[in-house]
Structure formats: C-alpha cells, structure tokens
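Keeping their order, the protein sequence lines are chains Y and A.
-14 is the number of the first residue of the first sequence in my numbering; add one for each residue after it.
8 is the number of the first residue of the second sequence in my numbering; add one for each residue after it.
Keep in mind that the hints were calculated from the coordinates and are not lab data.
Dumping the calculated BS3-like pairs for lysine-lysine here, alpha-carbon to alpha-carbon at most 30 Å:
id, chain 1, residue 1, chain 2, residue 2
1, Y, Lys96, Y, Lys139
2, A, Lys333, Y, Lys96
3, Y, Lys139, A, Lys333
4, A, Lys83, A, Lys266
All of these numbers come straight from a predicted model, not from anything done at the bench.
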Amino acid sequence: MTEHGQAMDSEPAEGVSRRRFLTMAWTTLGAVATVEVGGVLLAYLQPRLAEGEFGGLVAAGLVDDFPPGSVTHIINGRFYVTRFPDGGFLALYQKCTHLGCAVPWDQTAGKFICPCHNSEFDDSGNVLNPPAPRPLDLFALSITDGQVMVDTGKPIARDAFDPGQVVYP
Amino acid sequence: MHKIFMRLAYILGENPPDRAPRRSRCSNVPLMSDDRPLERMKERLSPPPLPTDDRGRARLVLDTLILHLHPARIPKRTLRWTYTWGLGGLAGMLIGILVTTGIFLEVRYTPTAPDAYLDILNLRSDVWFGDLLRNIHHWSANLLIVVAVLHLLRVFFTGAHRPPREVNWLFGVAMLLLVLAANFTGYLLPWDQLAFWAITVGTSLVSYLPLIGEPLGRLLLGGPEVGPTTLLNFYTLHISFIPLALFGLMSLHFWRVRKDGGLSLPRRAGEALEGTPERVTTIPHLVRREGIYALVWLAAIVLFSIFVSAPLEGIADPGLSPNPAKAPWYFLGIQELLLHFHPFVAAVVIPGLAVTGLVLLPFTDVDTSSVGIWFRSARGRSIALFSAGLSLLLTSAWVAADEFVIRWTDWLPNWPSILSNGVVPLAAVGLVLLALDTWVRDRLDGNAEERVLFLFVFLFVALLVLTAVGIWFRGPGMELFWPWAMPAAT
Ligand code: HEM
Ligand code: FES
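So here's chain A without its partners, still in its complex pose (with noise of 0.2 Å):
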C-alpha cells in the first residue's frame, strides 16, 4: 500500500528527502540521465529505491501524497466514529463517484429533445452496465443529500460551527445548495414525465419572486416553459459550473479544517480537556478508519444500484400533467409550504430565512465553551429531544388543522391573499415560536445556546415532517391520504 502511494506522490511531484535535490521539478536542473525522452520518462516515474531505515521510511512516508489533506499527526479522540460519523469523507467520497460515473455517462448521453431519453432507454438495455452506471450515479446523488444534511447536523450538535469555524459552516452551506442545485439539474435530464413537471414545478417557483422572477424564470428555462433549451442549460450547469463551483469549494472546506487547527476536539458532557491531547500519526490510523469506511459504503452503494433501479417513466408530454405533480422528493418540503402559505411566502420568504438563519447561526451561537459536546450538555440532549417531539406533534396537527379547519382567505374575505394566506399565517407561525422560545426561556431557565439548539431542532423536524408529508401523504389532487390507501397516480 504504502509503495503505491509512494509511487503515486512521487509522480505527481513530491520529492522523496533523498532524491529531492537532483529532480527538483521547479528549476530547470537537467535530469540524470541523456537526453534521450523515453529514457528521461522512465527515470522521471521510477520510484526512488525505498530507504532502508525507520528515519528515512518515516520522512517518506510523510511526504506522502495524502499529508497534503491531512497533518502527520491528528489528537486521537477526533478518532471516535461517534464524533464525525465519517460523514464529510463519505460527503467527499459521493462527489468522488458522482464525478467518475458522471463522465462515463456523458459519453453515452444527448442533451436534445427526444434523444435524452433514448439514450436512457439504450443505457438501460443496450449498453453493458449502462443500467448500473446510471443506477449509481442516481442512488449516490441521493445519497450525498442525506449525507450532507447529516453532516450539518453533527457539525451543528456538536457545536463545531462556532469560532473559529465560522467560515467553513459558510463554506459548508454555499456546497450544501450547490449539491441541491446539482441534483435538481440532474434530475431534468432523462427527459421522461417525472423530471419534466418535476422541474416544471419546480421552476415555476422562482417565477414568485418579485420582479426579476419572470425575467430569471425565462432565462433559466430558456422559454416561457421547460423545453430543449431547459435541457441544454441545465445539462451545461450540471456537467460544468455546478462541479467545478463545488469542487472549488470543497478545496477549500478541506483546507480550513486544517487552518482552524483541526477537527473541533470531541469530549463527554463535564470532560475537561487535557492541556495537549495525545497525538496519534495520521499513517496508519486516521487512513486506514477512511479506507475501510469508504469500501464499506461503496460496497453498499453497488450491490443497491445492482437491485434497486433509478426510476424512469414515460417520455416527457408537455401537454399531459401527471396527477399529483411533485417536485423532487427534497423541494417536496416547500411544495407542502406551498398548500398552506401564499406562493411568495411559501417558495420566496420562508427559504430566504432558513438560508439567512444558516448564514448567521455561527455569528449568534458562539459560545466556545460547549464545542465539542453532542448537544452542549446532557441537559440540552434532552432539551433537543423534547423540541424535537414537540415540533412532531405541532406540524402535524397543524398540517392537519390547515388541510379540513383553518380558512384563513374564507376568514378574511376582502383582504388581498398575499395577507390572508401569506403575511397573516406567517405571523402566526412566528408568534407560536416566539411563544415557545420565552416558554423555554422563562420556565426551562435555558440560555442562550439551549435556546437556539431548541429553535433549530424544532423548526429542522418541521421541515422533515412537512417533506415526509409530501413525499408520502400527498395523493391525486395533492389531497391528504393515509400512505397505505394512496389512489394511484393518473
């Protein structure tokens, strides 16, 4: 193992101590041998003959390729799975395979009217594991959205977005809406019914902005609806400026968890922190955890794309909606926002806040003294899990209560619906918060950090309960109906 990174770092330009002087790549210090190409080639990607004794394998194995992600040496407690869950590398490995199986399907792809969905067609039976390509590709992208959002949520309990970590979380939440916005491009290019109204429904949100929404609609779509310009722009920000934004970025994700000194340092609720915490060496025992992680889940991802196809339906009818119409299962939280709230505030003011609030969350919560403890305090564990019941209870009741009781426009019937379904609702939603957050406050004697962490778990389940409702219980005519007496689609 430890040779063929070698092999690997030295061609890519490290230079091992001992040769380091006569193959320096940057001057123009001719290289040993004459001048004949091939010779040079050979002596340029040999490796260098191993060292013999521990020192020099040592320095090796430190100027490796992989010190360039990681420090030598890591605190050993960032070890414990419990802490990151390996999540970020597994974020990192999905990219990984998104980019490699997305080329191979490029090759094998059209973005043009009809043929999109042929050449899906032709992967699915005429290609040799065209099927499973796509299947990994599809499964992966999925996956890198669960993945990424549970990712946010450890860095979150765990208080690792507060200084001085407050510029990677920002990182974190710009690759966070690439990542979305990587799949809702995606998700148009097969070109069958699903992903057109899909992206139909989808699109037509940005047209309630005010103002430059239809303007910026029409430019997205290249048209006043989704059609063979759609595809072409969302195939080129798909398989060019989304990537590289994210690559970029990733970059620099990486980077900062160096430059903010590492990982933030685990520890139990009332554990002091040692003065300098035992270091372990990166080789082998940070890099051998990854390895094993990775294989683990790559093996996972396979054997499910070998059994569980990506869905594929009719070639996209611009004249014929399907019954109900969803939008991608991780917008389906805001189509739900849709049923009970004005458009603008559904899809415009609402997301704008909850971008907002994870924008600001690390400027606001920025007490240092809990980072590291999984939700600050066995009190805010449980603080955590009854906000998280709570909001269960409180969004399906309401989920409910708006779909057969509540009429605000009925109840307010000469008032324009942007305040009688918009402004009028939204407020009460927030005075029901803002109730809940000085009940917390006054009678659970919380602080300031138990405040947010109970204001950020109540509104994420919301958000969950509110997409599990979409997904699940939405039916014909988006009317309510219990999962197992779903009518089928038309």
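Isolated chain Y, as found in the complex (with noise of 0.2 Å):
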C-alpha cells in the first residue's frame, strides 16, 4: 500500500487522481449502503396494523347505539366515542396526552379525569386541567352503511377542538 501509494500519490495538475477517485467513489458507495440498509431496517421495524383489532379499523356499533350527548367507551379499541347533542361524532383515544395513561370518563363529573396527574379533559378532549399539554388525540371516524367505524391505526394530534373535526351521519 505505502510503496504503490506513494508513487501514485502526486497529484496531476488538474482533476482528481486515482486514488482520490478511488476513495470518493468507496466513500460515496459506502453512504449509499448505509442508508439503504438502515431504509432497510427501518421498513422492517415500522409496527404492523390489524384489521378488526386495536391498531387498525375497529367497528364500534351502529348510529343508533351511541344516543346524542353521550360518551361511550369502545374498550378493544381503546377509545370513546362522544355523539354530540346535535347527533355529531367524535373518536378520542383514550390515551393521556400528558405521560399516556387510561383516562376515565367520569359520568357523574361529566369530563374525563386522568388517574396519574390529574389532567382533565371535556367531552370533546379539551384540556380543562394542565398537565396535559394539548387536547386527547383523534382516531378518523367514518360511518358506512350505519356502521361508525374508527381507523385507530394512527392517533391525529391537535392543538384545539374545532367543529371541523366532528362526522356526522
């Protein structure tokens, strides 16, 4: 190696030598296979959605099982659903928004309480009581053939309720 490089070593006037080129093109190469390995990996490690189940589009019932100003618990799929005086709805994870636990939903108190620290949360999510740092996330709701279905495959943050969010049937 040091025999042969320092032969080759001397740089032409213009351009790259070989050796330079050699170790560009080792270099670029290298980069590129990192980053498809780790694309690779990372593909690999990406968590896998269910149908029927938790992670994926869960039935919750019918229109008429849910009746206007309630909140129901859909415990398998681990949300609420809160139908709207007004006959509108809204799928709410019912993971904290502050450190993740199970929030309740308190019939009596009409809000959500969460057992950990204390956050609160009205019937639309709106935080009423710090630390929760923003509103409980949606889950997209649709509602097909009468049937409320709730893709619980991806939790969407928000920074406020806004009547854009709610579904009607």
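Dock chain one against chain two, each of which comes alone in its own frame, and use the hints as you go.
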C-alpha cells in the first residue's frame, strides 16, 4: 500500500488523482449502502396493523347505539365515541396526552379525569386542567351503512377542538 | 485453588512454559499421541505435570487466566478497601450474575402478551427455585444501578477520571446508560400492571423529543402504545443487543484500566507519592480479596432473594391505569422534574445537559495533582459536605415551594407553556446555580476543581432528593404526602 501509494500520490495538475477518485467512490458507495441498509431495517421495524382490533379499523357499533349527548368507551378499540347533542360523532383516543395513562370518563362530573396526574378533559377532548399539554388525540371516524368505523392505526394530534373535526351521519 | 486455575487456563489455551512448544495451538504441529480422537482429547485436556521448583511454580502462576485481567504485580496501596470499595469489581460480578440467572429465566419465559405474565406466575409456583432465580435477577439488577452510580462517585471523588483516564470514564458513562436501558427493558417483561404503566409513562417521555419523538416512540413501542410488539422489542433488546454491548464495553473498560497504568494511586491529603510504589503480587494479595468480597456479596444477595420477593401485581390491563402511575424508581427523579417543568425541559433538556456534563467532565476537570486523594483535599471534603447539605435544603424547599407557592403559568398567563413553565423556571434554576458558583469562587476562594466539586455534589444531591420525593412522597394524583400518611394506591 505505502510503496504503491507514494508512487501514485502525486496529484496531477488538474482533476483528481486515481487514489482520490477511488477513495471518493468507495466513500460514496459506503454511504449509499448504509442508507439502504438503514432504510430496509427501519421499514422492517415499522408496526404492522391488524384489521378489526386495536391498531386497525374497528367497528364501534351502529349509529343508533350512540344516543346524542353520550360518551361511550369502546374497550378493545382503546377509544371513546362522543356523540354530541346535535348528532355529531368524535372518536377520542383514551391515552392521556401527558404521559400516556388510560383516561376514564367520569359520568357524574361529565369530564375525563386522568388518575395519574389529574389532567382533565371535556367530552370533545379539550384540556380543562393541565399538566396535559394538548387535547386528547382523535382517531379518524367514518360512517358506512349506518356502521361507525374507527381507524385506530394513527392517532391524530391537534392543538384544540374545532367543529370541523366532528363527523355527521 | 491454583490447580483449578491452572487446569482452566490450560484448557483455554495458555501454554505452560515447560510444555508450550509441543502443544502450540496456533501451529499445526501434531499432538504427542496417535490419531485416535479420544486420546487426543484426553491429552489436550489433561493438565501438565506440576512443576516442582519454586521458579517453575511462579512462572506457571504468572501464566494463568487471572493474569489476562490483572497485571502480575500491583502497587500495594491500591489494595486499600477504602479506595475503590471494590465497587467496579462488584458491578462486574453483578453483570455476571445477571447473565447467568438471565439465561435460566429465558428458558421458562415467553415474550408474548398474556403468556409472559402466566410464565412469571408459573415461575413463582410451579418451577423449582423459579422464584429464587427471579428474585436474584431482580435484586442484582437494581443493586447494579446503585453500585454503578457509587462507582462513578468514587471515581469522581478520587479524581480518577482525570488524564490519562478520560476515555475510560467515557466507557463508564456509556455503560451506565446501558445498565439503565437494561433495567428499563427488563421492567416490562413480567407484563403486570406495574410493568405496563411504568413503561407507558417512561416511554411517553420520548414523545417530547422535538421532531423525532413521535416516530421514535412508535418504533420503540411498535405502535401507538405499549402492546405485544413492545414486549417483543424490549425482550429482544434486553437479551441480545444490550448485554452484547455491555459485554464489549466492559472488556474495553477493564483493558483500559491496565492501559492507563493500572488504578490511580490512592494517598492521603498532603502525602507525597514515593517514586516507585511498593508492589505486591496479584496472586494471592488481590485475588484473595476479590474472592472473599465476591463470596460475601453473593451470599448476601442470595439470602436477601430467599426472603424478599420481587414485586408482581395483577396482569397488565391497558384500560385501567393505577393511581399513582410511577416510572421505575431510577427514573422517578425525571418524573419529579415533570411536575415542575414543561415536559420538553424536564425529559429532554435537563437529562441531556446532565449526560453532556458527565461526558465533558474529564475534559474540564483536569488538574492531575490531586488524583488519588478523596475529595481533592481536606478543604475539598468540607466543601463537598457543605454543598450536599445546602442542596438537600434548597432542593426540598424548592419542591415544596413549587407545589404550594410558585405558579409560573398563572404569573405569566399569556406566555406559551414552554416558556412560562419551561424556559423561565429553568433560567431561574440556572441563575441560582450561577450565584452559588460565584459565591464559592469569591467568598470561599474556591479554585477551579473546588468549584466543579461543589456543583457536582450539589446537582447529584438534588437528583437524590428528587428521586426520594418521587419514590416516597408522591401519592395518588402525584400530590405530596408524608410517607407515613400515604394513602393506598388504587
Ligand atoms: C457499569 C458497569 C461498570 C463496571 C463493571 C466497571 C468496572 C470497573 C472496575 C473493575 C474497575 C477497577 C477499579 C475499581 O473497582 O474501582 C473500574 C475502574 C474505573 N471505572 Fe468503572 N465500571 C463500571 C462503570 C463505570 C462508570 C459508570 C464510570 C464513570 C462514568 C466508570 C469509570 C471508571 C474509571 C475512570 C476507572 C479507573 C479508576 C482508577 O484508575 O482509579 N466505570 N471500573
Ligand atoms: S398521564 Fe394523565 S395526567 Fe399525567
């Protein structure tokens, strides 16, 4: 290496020497390979989603199962379905936005109260009491043939409740 | 004893001087006996005849396995109990116990959702000594955190992190983080309520990292929350990646101790070091001590594990959080910070600064003239003690004040909470630290190393206070209670 290297190390007047070119080529190929392998592994590690249970598309029930002005816990889907008095629907992920505890709905108080650090949320998920930094996350809710379907694959974070989030049958 | 070591060393490839040329492993020189494999095996595994003269014995002993780890002779003064307290060795032994018991636990454990919990129940009731093995693993793991931190403290307080040992300090910091990661990933495996919610709360901290927090959390958990994939992920990390990395780093760590010229030499304040310190042979002086120390600790751990069981609660229920829900005890300092700062500051900025500080420490605190002296000097000892007392007082007072008096978010109503509840209180704490440091410099006439000592002790005791508050003083709703008046968790 050294004997050869020294002989060829002299830089040509312009352009790159063979050695520099090879080093650059190897470095580039190495970087590309690293990115590729990293990408493959990242893709491999992505969570898989299952239909019909938490993590997939969950059938919450028929529209008429949810009386207006109610909050219903869909236990195996890990979410609440709020039906507002005007008939609109909202699916709220049960996970507290503070540190992830499961938030129970307190029927008498008419709000969610987190057992862990006392965050409170109203029936649309808005924060009534910190330390929770943002409202409860939403799940995408759709209504097909009178069935309320909730996609539990991806929680939707939001800064505040806004009427545009409500789904009407 | 020596005989056993020699046999072991022999099997593992050491070549005792008298027979070395005949049995060199590296060459293809055939063995003495004929080609029958059993004969060969017997020949290969049988120990050489014991040398009968003193010189031969000494040579043989030098060549044994122990001396891969230790030098043949060590300065007599490094044998003082009160220098290392045997903490590094104890940490190494605990890792050994954890690997051994861990392998046994693995064969009776399934990392899937309800089975994991049932397996632990089974371990407790149906497997011979299953409970004992689990307890030994559990208590050793917790002890390891304590011991590694104490070891770090002894290294810092004796100045052993200073040149030329900076790199070994860095290996140490990396190992400490890995030990925490090992404990954390192991915490989930029993799949009981305690495990499930501690990991839920602990991993939620990740989501406060800017930009990468959310995707990183999903990757770690294998979904939006702790579930079966999380269990498998954590199990894999716990039994493969983390132990492997720890083992590699441990080898480097031990190697560096020798590379850096052995342990730093202990001495009393004001005591000068003689030119060449008196040396004694490692065998038996050091090895005997290590053996006794290890056996005493092993006995203590086994006894403790016979009588005190590792906790186990009901099976994990993703719909029902216990109140209070606490992270594992070694993260309760951070969880306590969360009650005082915006999550980004508490879970990202402050721990980040702490680790950065540990990494930079051996490159800022470099005066080698006091290496080997506990607390640098008699003055240093007083400063450390004073700092500890002050921190105990100030930190406790601050926790109480923040609970009952300070209301940053009310005082700065229109500020975003990252400022009012994050940057502003952090800056306030920073100012207090700066004032204290200036005071040590001007009033106590502290030099650079005394100022570092003061700050280090102050911050470490603050962490201890926060952790203690998290463990013993926080009850339902994370409110403050006296430990003796603690309401039951629900
Ligand atoms: C986690 C597992 C660890 C193990 C198994 C371990 C093991 C050891 C052992 C056996 C020694 C020999 C002397 C003694 O016992 O004190 C040693 C020395 C040392 N360790 Fe560690 N250690 C660990 C963690 C750490 C940490 C967290 C730090 C600091 C951040 C650290 C920094 C050092 C330094 C600088 C020395 C040289 C001390 C001197 O020369 O006086 N180690 N370690
Ligand atoms: S997790 Fe709900 S308030 Fe902390």
